[in-house]
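J.: The primary structure of each chain is shown beneath.
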Amino acid sequence: EAGVTQFPSHSVIEKGQTVTLRCDPISGHDNLYWYRRVMGKEIKFLLHFVKESKQDESGMPNNRFLAERTGGTYSTLKVQPAELEDSGVYFCASSQDRGSGRLLNEQFFGPGTRLTVL
Amino acid sequence: AQKITQTQPGMFVQEKEAVTLDCTYDTSDPSYGLFWYKQPSSGEMIFLIYQGSYDQQNATEGRYSLNFQKARKSANLVISASQLGDSAMYFCAMRVLTGGGNKLTFGTGTQLKVEL
Numbered sequence: 001e002a003g004v005t006q007f008p009s010h011s012v013i014e015k016g017q018t019v020t021l022r023c024d025p026i027s028g029h030d031n032l033y034w035y036r037r038v039m040g041k042e043i044k045f046l047l048h049f050v051k052e053s054k055q056d057e058s059g060m061p062n063n064r065f066l067a068e069r070t071g072g073t074y075s076t077l078k079v080q081p082a083e084l085e086d087s088g089v090y091f092c093a094s095s096q097d098r099g100s101g102r103l104l105n106e107q108f109f110g111p112g113t114r115l116t117v118l
Numbered sequence: 001a002q003k004i005t006q007t008q009p010g011m012f013v014q015e016k017e018a019v020t021l022d023c024t025y026d027t028s029d030p031s032y033g034l035f036w037y038k039q040p041s042s043g044e045m046i047f048l049i050y051q052g053s054y055d056q057q058n059a060t061e062g063r064y065s066l067n068f069q070k071a072r073k074s075a076n077l078v079i080s081a082s083q084l085g086d087s088a089m090y091f092c093a094m095r096v097l098t099g100g101g102n103k104l105t106f107g108t109g110t111q112l113k114v115e116l
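In the order they appear, the protein sequences are chains S and P.
According to this note's numbering, the first sequence is numbered sequentially starting from 1.
According to this note's numbering, the second sequence is numbered sequentially starting from 1.
Just chain S, same shape as in the assembly (with noise of 0.2 Å):
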């Protein structure tokens, strides 16, 4: 079984360009989330889809994020335009629904995509 897939790997771009990210979940899982990584920091919740909704998205910085998942199956992150405090490393985790009260539906993540704004 695929795990969860992200391209790319790594994004150096310049302030005020637009990145891309995406985000390819395990097949058949119906939860999909964003986290980022800053240098040195904790990891923190950017949002949470149920298929293709946004369930929450608590988590997003401000409105040069825009997370989408059309189909309800691969996610895109968009930033634009993307800023130096931008930089890190932003993963993507999927899990299954395994009904409502289950605390344990693992979540699964993605290797990672670094992104450096200079």
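Bear in mind the hints are in silico, worked out from the structure with no lab data behind them.
Beta carbons are placed, not taken as given, at the ideal position from N, Cα and C, and that holds for glycine.
DSS-like, lysine-lysine: derived pairs with alpha carbons at most 27 Å apart:
#1 3/P - 113/P
#2 41/S - 15/S
#3 44/S - 113/P
#4 15/S - 78/S
#5 3/P - 41/S
#6 113/P - 41/S
#7 41/S - 70/P
#8 78/S - 54/S
#9 73/P - 44/S
#10 51/S - 78/S
#11 3/P - 73/P
#12 41/S - 73/P
#13 3/P - 44/S
#14 44/S - 70/P
#15 3/P - 54/S
#16 15/S - 44/S
#17 44/S - 78/S
Selected chain S positions facing chain P (in silico; Cβ < 7 Å):
#18 42
#19 43
#20 48
Position chain P relative to chain S; hints supplied.
T.: For chain P alone, kept in the frame of chain S given last:
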């Protein structure tokens, strides 16, 4: 709001020795789950172990065990018989059942280095 604190930015351990990575948490929700993830230098996040707030026994998975002390709000990871391949970043995380959605709240991580 939930918070995870990992106070050890870096740890060293000799091969074959045991090591404890500290994690304390804060939440007012009585139902929560605690997770440990390992991130080797290759970058992927690997799930290690899970402890539910109502679990009576400490979780164990092979060489990993979770020292869960609910009254102290701590969930330390114990790795027994350390191996060179255990060198990695380790993250403690929490998810609450009510009001927290599915999102994980992470700590800042502990970089573990296993030495010969």
